[in-house]
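Chemist: Single-letter residue listing:
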Amino acid sequence: MSEFRKELKYLPSHEWARVEEDGTVTIGITDHAQESLGDVVYVETPEVGADVNAGEEAGVVESVKAASDIFSPVSGVVIAVNEALGDAPETVNESPYDDGWFFKVKPTDLSELDDALDVDGYKAALEEDE
Amino acid sequence: MKQTQFSTAKLKDGVSDIPILNAKIGLDLELNLLQSVVDGETHADFLIWRCEQSLVVPKSFSHKANFKLTQKYFNYIGWPIVLRETGGDLTPQYPGMLNVAIVFRSAKKAVSIRDSYLEICQPIIHALSRLGINASYGSINGAFCNGDYNVTVNNKKIAGTAQRWRQIKSVDSVNQDVAILVQAAILTEGPLTYLWQICNEFYQRNDINYFIEEDKHIALNEILKESGIALAKKIEPQIIDSMEDWLDSYKQKTSTTLNNNH
Numbered sequence: 001m002s003e004f005r006k007e008l009k010y011l012p013s014h015e016w017a018r019v020e021e022d023g024t025v026t027i028g029i030t031d032h033a034q035e036s037l038g039d040v041v042y043v044e045t046p047e048v049g050a051d052v053n054a055g056e057e058a059g060v061v062e063s064v065k066a067a068s069d070i071f072s073p074v075s076g077v078v079i080a081v082n083e084a085l086g087d088a089p090e091t092v093n094e095s096p097y098d099d100g101w102f103f104k105v106k107p108t109d110l111s112e113l114d115d116a117l118d119v120d121g122y123k124a125a126l127e128e129d130e
Numbered sequence: 001m002k003q004t005q006f007s008t009a010k011l012k013d014g015v016s017d018i019p020i021l022n023a024k025i026g027l028d029l030e031l032n033l034l035q036s037v038v039d040g041e042t043h044a045d046f047l048i049w050r051c052e053q054s055l056v057v058p059k060s061f062s063h064k065a066n067f068k069l070t071q072k073y074f075n076y077i078g079w080p081i082v083l084r085e086t087g088g089d090l091t092p093q094y095p096g097m098l099n100v101a102i103v104f105r106s107a108k109k110a111v112s113i114r115d116s117y118l119e120i121c122q123p124i125i126h127a128l129s130r131l132g133i134n135a136s137y138g139s140i141n142g143a144f145c146n147g148d149y150n151v152t153v154n155n156k157k158i159a160g161t162a163q164r165w166r167q168i169k170s171v172d173s174v175n176q177d178v179a180i181l182v183q184a185a186i187l188t189e190g191p192l193t194y195l196w197q198i199c200n201e202f203y204q205r206n207d208i209n210y211f212i213e214e215d216k217h218i219a220l221n222e223i224l225k226e227s228g229i230a231l232a233k234k235i236e237p238q239i240i241d242s243m244e245d246w247l248d249s250y251k252q253k254t255s256t257t258l259n260n261n262h
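Residue numbers (the working numbering), protein chains in the order written: chain A, 1 to 130; chain B, 1 to 262.
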């Protein structure tokens, strides 16, 4: 049974976004995504200082089963990446919503997240998939 | 990129014009084909090629501590290491390996990683059945690039598979399509022993705790008791026919299910 977090926004492509108190946005992949991918072996994140655009490719996650794009839910500048994933990519499987985050963005327009799904919308999308 | 010239390899004098390519060139052709699906130029296609001697690994391997040193060493002994964008594990490439790659567009909610692997396993199994070979799919511990979707014959691995998913940008936040590349590498002809020795040396030099066992594999020449041109004449038309059948059926199957959002 996949875990969900009420405070997050979701993309149907299985990324999550969390708006932090300072207005920055932290991004990762959902518990459902890590379960589908299996053991994550590598995460390619954008570089700090890079621009990312909402709904566009911002990295790649590679598992023992497949490699897949990561989309950014918001546009902005990357202000941090989770360097710890370099040595321990399995953290994405173990803690997808906490220690397994991918990158943080200083957004140019937070309202872009209005188009993302809330937890109920994401759950409904998953149920529809099944 | 438009339809690649290799996507429907033609037969000439009973032997196909499947090219032997440098690994980087072959892998780039596969990615170009995937991009043509992302760009909406095609919904599905396939590519068949053979590869010059090399070791092909997923990008994750490039972050191993000894990787650069290992790369120099294998380049020196004539086994250049080339990165690929699909997941999985080390795959030794040589002209005796037949590479089949399929690309297709699917509604994300209509496809899983398992489904995608079956899209390539089934036509290969079908082609082998036309050759009188009873094949299946499953995991073979000790085989190269092991996973749940190896093509197997008599509990030995005859083909490995890997895949890459690209998201197709959409204005519809719920109904989303994906472009998928699935690769299969089919062992057609040995010598295999040397391949596994090279692979195991790669693992050892990168401190990776995996050992490929020779007796977990089988090549088509061992089953069909043919080699060289005679073997190619036998297997290539079957693989090509089977992939063309896959392409036709995929186009029919998906003509009504894709999201019109690009």
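If you're looking for bench data, these hints aren't it; they were derived computationally from the structure. This one's a predicted model, so the numbers in the text were calculated from it and none came from an experiment. Take the hints with a grain of salt, since some may be wrong.
Claimed, not checked - Among chain B residues calculated to face chain A with C-beta under 7 angstroms, some are:
1) THR86
2) GLY87
3) TRP165
4) GLN167
5) ASN221
Said to hold, decoys possible - Distance ranges between label pairs, derived from CB positions:
6) B:GLN252 with A:SER111: 38 to 44 angstroms
7) B:SER112 with A:ASP120: 32 to 38 angstroms
8) B:GLU213 with A:THR108: 51 to 57 angstroms
Just so it is clear, CB atoms sit at the ideal spot from N, CA and C, and this is done for glycine as well.
Chemist: Are the hints correct? Go through all of them and say.
Modeler: So, going through the hints one by one against the coordinates:
1. THR86: Nearest chain A Cβ about 5 angstroms off; hint holds.
2. GLY87: Result: holds, 4 angstroms to nearest chain A Cβ.
3. TRP165: 4 angstroms, holds
4. GLN167: Because about 5 angstroms separates GLN167 (chain B) from the closest Cβ in chain A, which is inside the 7 angstroms limit, the hint holds.
5. ASN221: Given a least distance of 30 angstroms, the restraint on ASN221 (chain B) is violated.
6. B:GLN252 with A:SER111: 38 to 44 angstroms: 42 angstroms, holds
7. B:SER112 with A:ASP120: 32 to 38 angstroms: Hint violated: Cβ distance 23 angstroms, outside 32 to 38 angstroms.
8. B:GLU213 with A:THR108: 51 to 57 angstroms: 54 angstroms, holds
When each numbered hint is compared with the structure, violations occur for hints 5, 7.
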